[in-house]
Amino acid sequence: AWNLGYSSFFALDGATTNKITVYSQYEGMPKSRVIADLSDKEGAESLIKEYRRPYVIPFSRDAHRLTFEIKDRSVSVLLFHDHNSDGAEERLRVFGRAARAYHRTTTFVEMDMENSYVKMFTNFFAVKASDSPIVYLIDTGTKQKDNIAKTKDVTESGVAQLIEDFRAGMADTVAPQKEPLDELPGDWETRRVVYLTSENFVNYVSVADRSVLVMIHRESCPHCKSLKPIWEELAEKYKDHPTLKIAEMKSGNVAQIKGLEVNRVPTILFYPPNSEIPEAIEFEGSRTLAGLEEFIVKQQTVKDEL
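Residues 7 to 312 (this note's numbering) are what the sequence shown spells out, left to right.
Simulated from the structure, these hints should not be mistaken for laboratory data. The beta carbon of each residue, even a glycine, is placed where N, CA and C say it ideally should be. Honestly, I wouldn't trust all of these hints.
Ranges between beta-carbon positions, derived for each pair [unchecked claim]:
| no. | residue 1 | residue 2 | range |
| --- | --- | --- | --- |
| 1 | P278 | R103 | 41 to 51 Å |
| 2 | E48 | S136 | 38 to 48 Å |
| 3 | R198 | Q262 | 16 to 26 Å |
Turn these sequences into a full structure, and let the hints guide you.
Dropping the structure here:
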């Protein structure tokens, strides 16, 4: 059911007559829990509230995984506006109707421009307060550069037209801001997180006697900023490891490296010893310290020595 786009559903347990199992695609991960007592109405309602995924997700730091990291759902439609402004309630109602029509393939998000975390994203999309209300569409799964589109028509038909035009390749796309190339610092290899650029990337990740885990990021990307302290902690833990190095590179360098494809940031790539550039293993798990360590251990070149 979740592969068809449904966020949750109930099923009577075939083995008994007094249990209901709740299945959910919450935060992109299939989950299930059993309600043993059918008369426990409060428990069932509480479980639904905990697992349900609304048609329109109010964006926040806690909701970003639910917004941009749902497996097999790369298209997000974002309504940038002031949640407390005149007409906001009706605007959300209209946006919700569009969401009901397209929710099986598309994530719909309210971006309250007064929210401090959302403001980090207004910089990424170059949205100003005077632009509000405005709708942006972003596809994080495409290899095309024109993966962002926008419309000032925030009506139900306007949002639907944006989605249909984007699918047909006719939308008003937005050129992403280019990140400048940076110079290679003199202490690039002695830093806790090894600093890579297009100048040293190929030679560094293709060495025969070590593996490299590299984060490719962008300065204006809020997800990258959230990951940065975790990346530093990971580097500190593995700083003395003989066969693994933790590195980073800004996304502006990617176009200069033959064979390297990055469709979204942050992207985390693992290079086993003596790798070619296209042979990287992309990390797709939970961007937590535990999730990253689990990924490292699974790559058989690294032993759990620490």
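Structure-based check of each hint:
1. The hinted range of 41 to 51 Å is satisfied by P278 and R103, whose Cβ atoms lie roughly 49 Å apart.
2. Distance hint check: the CB atoms of E48 and S136 are about 47 Å apart, consistent with the given range 38 to 48 Å.
3. At about 25 Å, the CB distance of R198 to Q262 agrees with the hint of 16 to 26 Å.
Against the hints set out earlier in the document, no violation occurs for any number.
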